[in-house]
Amino acid sequence: MQRIRLRYTKRGRLRFTSHRDFQRAFERALRRAEVPMAYSAGFTPHPKVSYANAAPTGTGSEAEYLEIALTENRDPETLRVLLDESMPNGLDIIDAVEARTSGLADRLTASVWELRLDGVDAEDARKAVDAFLAAESVEVQRKTKNGLRTFDTRGAVVELTAAPAPGDPQGDRPLDSACAILRLVVRHVTPAVRPDDVLSGLRAVADLAPPVPAAVTRLAQGLFDEESGTVTDPLAPDREAVTAAPPTAAATSSATAPGVGTA
1 MQRIRLRYTK RGRLRFTSHR DFQRAFERAL RRAEVPMAYS AGFTPHPKVS YANAAPTGTG
61 SEAEYLEIAL TENRDPETLR VLLDESMPNG LDIIDAVEAR TSGLADRLTA SVWELRLDGV
121 DAEDARKAVD AFLAAESVEV QRKTKNGLRT FDTRGAVVEL TAAPAPGDPQ GDRPLDSACA
181 ILRLVVRHVT PAVRPDDVLS GLRAVADLAP PVPAAVTRLA QGLFDEESGT VTDPLAPDRE
241 AVTAAPPTAA ATSSATAPGV GTA
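Just so we're aligned, residue 1 is where the sequence shown starts under my numbering, counting upward by one.
Worth flagging that the hints you see were computed from the coordinates, not collected in a lab.
Any given hint could turn out to be false.
No more than 16 Å apart at the CA atoms, straight line, and that leaves these computed lysine to aspartate or glutamate pairs for EDC-like [said to hold, decoys possible]: (1) K127 <-> D207; (2) K48 <-> E27; (3) K143 <-> D196; (4) K48 <-> E67; (5) K127 <-> E159; (6) K48 <-> E34; (7) K143 <-> D197; (8) K48 <-> E72.
I would like the entire structure built from these sequences, with the hints used as guidance.
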């Protein structure tokens, strides 16, 4: 059984798709691309697909991850192209690597987020960020299936900065008023601290309340490197393992197939 790890995006209007919507679209893409999927046992077999830490509905993302299990070996890049062609625009498969290591989910320990605050002056956003970072704790409340829960957002935030939005007349939201961009690096803790929780914290400590909902995009997620303060690529260990490993039997047979070798 071969395992392939994929990175995909949620862009534009497709950021409003739920995780279940994505699952349905992805399973259709698997059938269209004729991927030799492994299936679970039992009365209702289903494709072996493992999803890792999906972004909330309504947020965009450049870094979502999943893993599939195959019954036959396939070239990861060829498979990526076939799947990407079978997915809706905006749900794009942008990276693929053969899984040669364990624990992908364990390497997703932090996320980098961008929050676009239309109608908010950058200087006001900076003051709110300074107040948030100066606080020892910033408690917010969120409604969960078990009722209203109070938790601290400050401890999970590794980095939070504010800057003016760059003017982009070619963008889908050109600037015609004040706009601030927040960059947030947050650890994956329990309970999870989401970007909207941090916005609630900014409202609590500095009364920062954007007049319209923030446009939120996950830029990266992976292992947080304490030394450099960066979020690393979670697929890098698999790439390194593939590079260091000898060619697989499938790759060798492909390279020596008729018409492929030298004359």
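To see whether the hints hold, each was checked on the structure:
1. K127 <-> D207: At roughly 10 Å apart (the allowed maximum being 16 Å), D207 and K127 satisfy the hint.
2. K48 <-> E27: holds (10 Å)
3. K143 <-> D196: With Cα atoms ~12 Å apart, K143 and D196 stay inside 16 Å; holds.
4. K48 <-> E67: Holds: K48 and E67 sit about 8 Å apart, inside 16 Å.
5. K127 <-> E159: holds (15 Å)
6. K48 <-> E34: Cα-Cα ~15 Å, so holds.
7. K143 <-> D197: holds (11 Å)
8. K48 <-> E72: OK: K48 and E72 at ~13 Å, within 16 Å.
Going through the hint list in order, the structure satisfies each hint without exception.
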